[in-house]
Every structure is written in structure tokens, then in C-alpha cells.
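Sequences listed follow chains Y and F, in order. So my numbering is basically just the index in the first sequence, starting at one, shifted up by 15. So my numbering is basically just the index in the second sequence, starting at one, shifted up by 15.
Simulated from the structure, these hints should not be mistaken for laboratory data. Mixed in with the good hints there might be a few duds.
Copies of the same chain look alike in the list, so a pair counts if it works inside one copy or between any two.
Straight-line alpha carbon distances no greater than 20 Å define the calculated EDC-like cross-link-like pairs of lysine to aspartate or glutamate that follow [to be verified]: (1) 508 with 465; (2) 477 with 465; (3) 477 with 253; (4) 264 with 360; (5) 516 with 544.
Number of protein chains: 2
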Amino acid sequence: MGAPGGRLRGSLALLTDLYQFTMAYGYWRAGRHREPAEFELFFRRCPFQGGFALGAGLSECLAFLRTFRFSQADIEYLESVLPITTEKAFFDYLRTVDASEVSVSSAPEGSVVFSRVPIFQVKGPLLVVQLLETTLLCLVNYASLVATNAARFRLIAGPDKKLMEMGLRRAQGPDGGLSASKYSYVGGFDFTSNVLAGKLYGIPVRGTVAHSYVSSFTSLDEVNPRVLRPVSGEEPVDFPSRVEAWLSKVCRLLQVPAERVHCGERAAFVSYAVTFPHNFQGLVDTYCVMRSGIPNFCAVALALNELGYRAIGVRLDSGDLARQSVEIRQVFRTCSAHFHVPWFESIPIAVSNDVSEWNLEELAQEGNEIDMIGVGTHLVTCPLQPSLGCVYKLVKVNGCPRLKVTEDEEKTTIPGSKVVYRLWDAAGFPYMDLMALEEEPPPRAGKEVEFWLLGRNKEAGKAVPASVEILHRLYLKDGQICQALPSLTEIKKHAQTSLSKLSPAHKRLQDPEAYQVAMTQKLHALLTDLQRDSP
Amino acid sequence: MGAPGGRLRGSLALLTDLYQFTMAYGYWRAGRHREPAEFELFFRRCPFQGGFALGAGLSECLAFLRTFRFSQADIEYLESVLPITTEKAFFDYLRTVDASEVSVSSAPEGSVVFSRVPIFQVKGPLLVVQLLETTLLCLVNYASLVATNAARFRLIAGPDKKLMEMGLRRAQGPDGGLSASKYSYVGGFDFTSNVLAGKLYGIPVRGTVAHSYVSSFTSLDEVNPRVLRPVSGEEPVDFPSRVEAWLSKVCRLLQVPAERVHCGERAAFVSYAVTFPHNFQGLVDTYCVMRSGIPNFCAVALALNELGYRAIGVRLDSGDLARQSVEIRQVFRTCSAHFHVPWFESIPIAVSNDVSEWNLEELAQEGNEIDMIGVGTHLVTCPLQPSLGCVYKLVKVNGCPRLKVTEDEEKTTIPGSKVVYRLWDAAGFPYMDLMALEEEPPPRAGKEVEFWLLGRNKEAGKAVPASVEILHRLYLKDGQICQALPSLTEIKKHAQTSLSKLSPAHKRLQDPEAYQVAMTQKLHALLTDLQRDSP
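Bound conformation, chain Y alone (with noise of 0.2 Å):
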């Protein structure tokens, strides 16, 4: 699985800003540049007003880091840039900088995570951690930014209705676009429109016709060829005039005037038909859906089926789309009884036209005959929270627990190397991410552990978890990758066990019950001895 990163072309080492490097200059010339130090990346708070976030990106980062080093053109950028008093020294010793001294703890990647609750854990010397932030952080918060979001669209639609994402045309350009379709995949989506996303990541790739296409014809003389063989392998028909025996009838059946439905647009099913008989599919709002395209469509896919194909479905792209797909059930069941033909009212319909999370509710509440939702906008730029306020945030330096106090309480990190321990309640899900020091004994399933929920700094609570979990892996250990990476249908199926395993209270999409994170006892004492030394 390429990264984005890994297509373009040379490192993305300096895919960062430039303070990045005005600091790594500033640790260099103190000689405090090999420290070790310790880095988490979380955000602050879940996305769209919701109670998780699918934490995504993993893959790309390791890859990242496993080419992360300054090529000599890179370099002399650099001494273009920075002030001219920077020291040569410095400028040598970036052209030996990689990453081989870091290491990456993380939730495998998919993962339900909560706010303040790190993603990844970074450490390494002073200076390459610094460096990495900003890549990092964009790598992941886009990516875990529409990952979820494709989520809550996964979550309304419920598991049987198919969604395809088709927002390459929206996003922040060809990248932009490839991480929403890996990405929305990753969050439950079942299918892209983007072939390249399709060709890189595996992705099943969707799609018919567009409007340009219907409008393009006027009349059925622009057919060609002409001639259709049925499945059985007879003699090949001339498919446009069964096409119009078929429209006379259907007209009658639906009492549609005849001269009313578009010719250009049946020139234009036809054309489909003949070219691909084992996949016709019908846009049916290039002009009126009942009047015209309907009817042209339910004649063609009737010819169709006189010589054995199948239609696999219409699609409706504008107008009222849970009413037009219950009128449209209806004029296929009519179809299918009078007619004879039994699968004609199970076509699928397949809907798109500026979706967003708000009108799918609205289309799930209505009900609706629709079998597949395209998702492209609101899907891809998540107007709702169109960034993921990812932070990347020094927890430990030469052996010191770190914090930045502020007057905000959630702006104030949380020092120190740490653990990150899941509890799980006896019916089975997860309540609680409980943050512990490194040296700590880990909670144990049964156990009485007291606790410092985040935020509410005044009071501690017990807990009694059913089962305990280590939230994070180690993926990269001094440069090395020390776990196996999923695949992307395996990072999927663990995003969808996860979400699957969470509270129906946390994943409500509007004021969700929010997820308990917390502190230990010792935790809690480190940060607050930590706050009354600052001043």
C-alpha cells in the first residue's frame, strides 16, 4: 500500500514548516539535539460534535519514516532559506539525519480513539522528533478526519445499503482526492468512483454515465451498431425497434404520453444497452425521471430482458430522492407484474446529488426504495469540521516529564511517558481509556483502580474493569518496523470491529454520551506537582 507520500516524487522531508528547522538549528547549536525525547500526537476533541474518531494514517507515516532523510538539493534549499549565520556544521549534519533512532507506539491503525488520548507515541533524538511534526500530523488528520466522518455516513445508512464515494472532482486536489477514497474506504465505504485510488489501493471501483453522456444524443439514427445478440446465442437482433415495441407498451402500462419521452435520452440508453448488456444502468434525471426517463429506461431494460441480460440499475442524481425512489419501486413492480418479470422490481436504485449526513438521515427517517448512495462533498471536505485538530505535543525531554500549562485545562498536556490502558465492562465494551505511568503495574481485569477523569481535576473515582487492554503496539522501533501491517481491508475490518464494539451511547452522532479518559492516581499527582512548579 503506496502512500501518498511514496508518489510524490523525492522525500516529503521537507514537507514541513520552516520553524521545524529554525528550532532543530536552536537544539543543534545548544548540543542538545541527540536528547531523548518523547512526543504524543492526539486531538483535542472528537470531530463533528461526535464521541470517537477512527484514528487512520499509520501506514503513511511508517512509510514516511522509513525514507525520511534530506537529499543534497533539499539541503541547499535549506541554506537558501535559513539566516545566514546558520553554521555549515549544521547543514552536514542534516545530510546524516533519518530516522533510524525513532520509534512509534500507536493504536493499530482504524482504531476507535478519544480525545487527549494519544494516537501515536514518538520518541526519539531531540531534533528528528521536532522535525517530524508536521508531516505527521498531516498525514493524520485528514486521514482520520474523513475515515470517520465516512463512519457516521456508514452508521446512518445502517450496514445494508451500499455507499460510494465519488468526491474526486471536490477535494484539495489529485492527493487530497486519493486519501478521501482510501480513507472513506477505511471509515465503511463500499465503493470509489476514482479509478487511480481503485488501481493503487485495491479499492472496488463504481460508475455508469454522466448527464454529458444522455444529452450527447438526439436520436436513435445515432445508435451504433445496432444489433444485439441474445445470451442464448442466437441470431443477433436490431434492438432499437424492440426498444420502441417495448416503449408503446410501457407508455400504455404507465399511461405516459409516447411523444413526450426524450428520444436523445433512449438513444442514449440504447447505445449503453448494446455496448455493455450485462450492465445496464440508466441515469434517469437528464430530463423528467417520470416522464421520460423511466419510461426509457423500464423499455430498454424489457428489450434487455427479452434476450436474456439483466439491468443492474438506475440512477438519480437530482430532485427529491427518497419520494422519486419509492415512485420509481412502484412503476418497477407494475412492470414486473404485468409484464411477468420478476426481478424487475428488485432493480437497484442508486442516488447521489450533494448528500450530506443530514439529508441521509432525513432519507433514512422518510423511507425510501434505495438501494446505493453516492457520497462526494460531504464526504470528502467534511463541511461539518472540515480539519481534524490533530497536535503533536512534547511529553518528555532528557529523562523530565514535560507540560505546557495553560489557562485552558484542555490545552494543558499531560506529561510524561505513559501507557494507555482500555477497560472493558462486563457486557463487553469499552468505558473507559485510562492513562498510567510507563513504570506503573498495569490495572488487572476484576481489580479495584482509582481514577482521574480528564478535566474534572477535583475528585477521584474507582473502577472495576471486566477485561483491560494495552491500547497501543510498537510499529517502529529504532527505524525498524517490528509488527506486521494490515492491509487496507484488514485496517477496514478493524475500523468496523472497533466501532462495533463501542456503546451505541458513544456513537449517537448528536450529543454522544462522552467516553470517560482518565488518569491513574500517580498520573494525576505528576501533573499536578508539574502545574504548581510553573509559574
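Starting from the known structure of chain Y, arrange chain F on it as the hints suggest.
Relative to chain Y, chain F alone:
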């Protein structure tokens, strides 16, 4: 100037929706693939409820077109995903496809453009120009959106404040971040924090330090080296002790208790100053701005001053930015007067902290002492409207004008090969984009011309333009670039010129006056005829 496409390994030819290929096969099998066709790329509404957009992305589209071609691996992938009945000869044909018969006219990159007026006109064989749709949209939509967003920030900030883009970590992955940096620059930003964007596009880069740098220090003992040589070249001095001496004076002057001024923060500033004596800038809000950050900064800056160096600024990243900037400026003035250091009162103040269009307007109204503003999330993700809805519509095929008729007037396309004339008034403002059929004589300066405003089809109007400009230029003729392409700096300059000529009424960010977009009588008649002929 490399296209993001150019930075992706291999061609972007597959970066498109699958239905483009099913349609391509449909056209090919019907023998229509070489029919001459024309598409137009435009948006239906100006973004952000504004009155204009900047058209951007042309250079990248041209770079994409020049390399447009399917590799053997691309073809093999397509064979694996198209229906099994797809003829082998079609894939052989795809192997020969490129943009050598494609022509593109466009408004110069960076031009002010308006709704429903084509940004691009794309002509060529039907199959090829259809295949280009998604990629062109992907390259234009975000580029134009973020350039327009940047232009709005520039309009609010006014011409004097420096604007810096710093959104890399919030963009849609690496390439989203690079596009954001590039097109924010086009839209009127001065700097970027993104080093790779600096290297690839020549955009000036800026940056100082992060909070993690400041909080990584605990005491002045950690400062190393401690000595700094005066600008004059005299003997190096022990810098930390100079700073301590200045701190006492500053604290007395500002009536701040010296023991509460954070010594870790001071160590970080001292270390940075020794490292970059000509470029010292203080990030003053890691602890308390007025009781720690500013006293520390002043002590270090005054100690530097003694050695002949001038600090270059402070940066604030939290709290009430306008109010704090005023308080900080007051301190600088006090120090300037008291210590007789004239330049001290005008030390630049830079701010960041989730700056949005809305709070930039607030800042602008409140009165402030800010010199430079860093914008990240709200610039690159365009939360007010995170996607530009450009579409790509067939307007002519095989010599016949085409339109898409819908019940929604705004979604009806304007048929036929057109020339767009921009009409200017006597005051030197453009006031109407007039679309005409190619074969019509152009409107002439000083001569009356009849027009029909889009969306008001009931009545014609008359105008007498003071001057007339043809909006589009031919950039690609039969696959060859036929117009010198401007550099990024020239595009930026054109954008600023184009915007400066637009009437303030259309530039208002809220409730702008709508710019007039109209058709000639002949084009209006064609549209009416075609609408009448469709069901």
C-alpha cells in the same frame, strides 16, 4: 512550476471517475469517439456567498494535458475493472489516446471570474475531452477556491499587513497542503510556512519556534553556547548574565515580579537569540504573555541591542490578539522611551490562533498593533464553503449546440461555441460578461449592444461599453502550448491587478452586488429554440 500531477509518479490519466471510461467505451463502440466536441468548465455560484472568484489551476491543467496518456499498467488495470464483454480493440485504442487534438481556451490564470461564465473551453474528440472531465475539475476546483479564500483574507487585512499561510497540518494530505500554499500565494498571501512549497514554487518561507521549543527548556543552565560576539566584532560576552541584568531593569520598569518570570522560557529565548542573533523572534505565550513572555522578550531583545543586534519580532498564538497586541505595543513604547532604543517601539507583532475571516474582520475593526497574521485551518480548509462546485458541461458536439435542460434555471447550460466579452464602463470597471456565439460580430466600444441577463429571460437590456475585452485566450492548440505561460509570481500579480480593477460593490464580502452575466440576442434565441425543442 511543477504540477501536483507532475509530482505524482506516473501519469494522472487514471485520476478520474470510472464512468468516464464506461462512457468512452460507449462512444467508441458507437463510432462516435472522434466526433468533435466542446465542453465548458464553470461554477454556478461564486464561493463564500461572495461576488467573485479567482480562476486558478490552469498551469497544472496544461501540464496534465501535455502528459495525458495511459501506461501499460493503466490499461491492464482498466481491463480488470471494465465489464468482461468490453472489446480488446477498445483498450488498443486507449493506448493511442493523448491530448494531441485537444485545444483549451481560458481566462488568464488568476483572473476574476463569475458564475456561469466558462473559465475553460475545451475542444477535441468527444472521447478524449470527456475523459478529461474529473481531472480538470479536481485541478481547478480547489485551486480556485483557496485562491479566492486567500483574496478575501487579503481584502479584509488591507494591503499593508503581512499574511502568512501555515495550514499544512490541516490540509488534505501532502498535496492538499502544497496546493493550499501555492494558491494562497496567488490569492494575495506573502509567505508560507511550508518548506517544500518554498522549494517547489519559490514562495517566500517564514517561521520561528513552537511552544514545544520553549517548554523544552527549564533553566538558563541549559543554554549552550552562552557567549555571543557583538556585531562590532569585539570580544564575545556571556549572554545569559547580560539578559539577567536587563530582566531586573525591565521588571522594575514594568512592575512585574521577576521571580514569576519563567526562567525556562527565558532560557529558550536566550538560546534562540544566541543561535540567530540577527533573527531573534520570541513566541511569548507559552506561559503568561504579560507577566513572563513579554518581560523575557524585552530583556533578551535589549541585551541583543546592547551588542548591536535588533530583534525581529514577537509572535502571539492565543488569547485576545487585538487587545494583547495593543498592550504589547505599549510595553515596547515604554521600553523604547525609558531605555532610549528608538526602534524598539516598532518591533513587529505577529499573531496566529485559528484566525478566521470572521475574527480577522473583528480584529480589523477593533484597532490593533498587529503587523503579520498567520492563517492556517480557516485558509486551507475554506470552512465557509469547503468546495467550489465547478462543473464541466457539453455545449456542442458534431457541430450541434447542446444544452442540459432542467427545471432549475440555474442548472440549465448555455449551448454552443461561445466568445465571452468583458464589458468595461467609463469609470474603468468591468461591469458585464457578455456571452456571444462565435460567429457573431464582437460588441464595439461606444456602440450599443443588446443583452439578456442570465436568470432574467423575460426582457432584453441595452448597454454601451466604454471598452471591450475578450476574456479567453487560446493556451493549448492541438496539444501544443501556444501562449507563454506566466510564472507563479506573475499569476499572483495578475490576480491582484484583476481584483484591484473590480468595483468595490462586487468585492464586498457580505451581500455583494451581483456582477452581470448576459447573453447576446442571438445566443438567447438559440437557447430558447433548444429549450422549446426539448420535452
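Hints, verified against the model:
1. Proximity of residue 508 to residue 465 under the C-alpha cut-off of 20 Å is found in neither arrangement, the shortest distances being 34 Å within a copy and 63 Å between copies.
2. Within a single copy, residue 477 and residue 465 get their C-alpha atoms as close as 4 Å, which meets the 20 Å cut-off; across copies the closest is 81 Å, which misses it.
3. Proximity of residue 477 and residue 253 under a CA criterion of 20 Å is satisfied in neither setting, with 79 Å inside one chain copy and 54 Å between copies.
4. For a Cα distance limit of 20 Å, the shortest separation of residue 264 from residue 360 inside one copy, 17 Å, qualifies, whereas the shortest one across copies, 87 Å, does not.
5. Taking identical chains as interchangeable, the C-alpha atoms of residue 516 and residue 544 are never at most 20 Å apart, the minima being 37 Å within one chain and 60 Å between chains.
This entry does not satisfy hints 1, 3, 5, going by the numbered hints stated previously.
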